[in-house]
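Undergrad: Sequence:
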Amino acid sequence: MLKTGLLNPAVLHLLARIRHTNTLVIADRGFPFWPQIETIDLSLVDGVPTVLQVLDAIRPNFVIGRAFAAREFAKNNSAATRTALAGRLRGVTLVFEPHAAFKQRVPAAIGLIRTGDTIPYANLIIESA
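Reminder that position 59 of the sequence shown reads as 60 in the numbering used here, one-by-one numbering, no gaps.
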């Protein structure tokens, strides 16, 4: 039995299949469903868990080479929210692109983790190093 770290077996199974340059989407509660990729729904209620909480949980088991976010994230969120994201991704190249371009990357991902996040454009695509 696992005692510490990631406990969710579905998330552990998904992470175990990610290889060099594969991507994983961590999305908010309103992100569209993509039938062609595995989706793990962790949402409980509004705001639980958040994209950043999921990122914090998987970061010790995931070496991130690059991360992608929608340009609209920066335009629609406070400085504190933007700083929180930048702090979590310190040392990682963060690419901001139009939301439409961001969504075009999604079908190539190994999987998608859906959260209860309500922050506008909180979605991330992380690429393994």
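Honestly, the hints are just simulated from the structure, not real lab data.
Hints may be right or wrong, so weigh each one.
What the hints assert, rightly or not - Label pairs and their calculated CB-CB ranges: (1) I41 / V64: 16 to 22 angstroms; (2) A85 / S44: 16 to 22 angstroms; (3) W35 / L13: 34 to 40 angstroms; (4) P121 / R60: 20 to 26 angstroms; (5) P121 / G6: 15 to 21 angstroms; (6) L3 / N77: 32 to 38 angstroms.
The beta-carbon is built from N, C-alpha and C at its ideal position, and this holds for glycine as well.
Undergrad: Run every hint past the structure and note whether it holds.
TA: Against the structure, the hints:
Between I41 and V64 the Cβ separation comes to about 20 angstroms, which falls inside the hinted range of 16 to 22 angstroms. In this structure the hint that A85 and S44 lie 16 to 22 angstroms apart at CB holds, the actual value being about 20 angstroms. Range check, W35 to L13: about 21 angstroms between beta-carbon atoms, so the 34 to 40 angstroms window is missed. The hinted window of 20 to 26 angstroms between P121 and R60 holds, with their beta carbons roughly 23 angstroms apart.
Checked against the given bound of 15 to 21 angstroms, the beta carbons of P121 and G6, roughly 30 angstroms apart, lie outside it. Between L3 and N77 the Cβ separation comes to about 37 angstroms, which falls inside the hinted range of 32 to 38 angstroms.
When held up to the earlier numbered hints, the structure conflicts with 3, 5 and fits the remainder.
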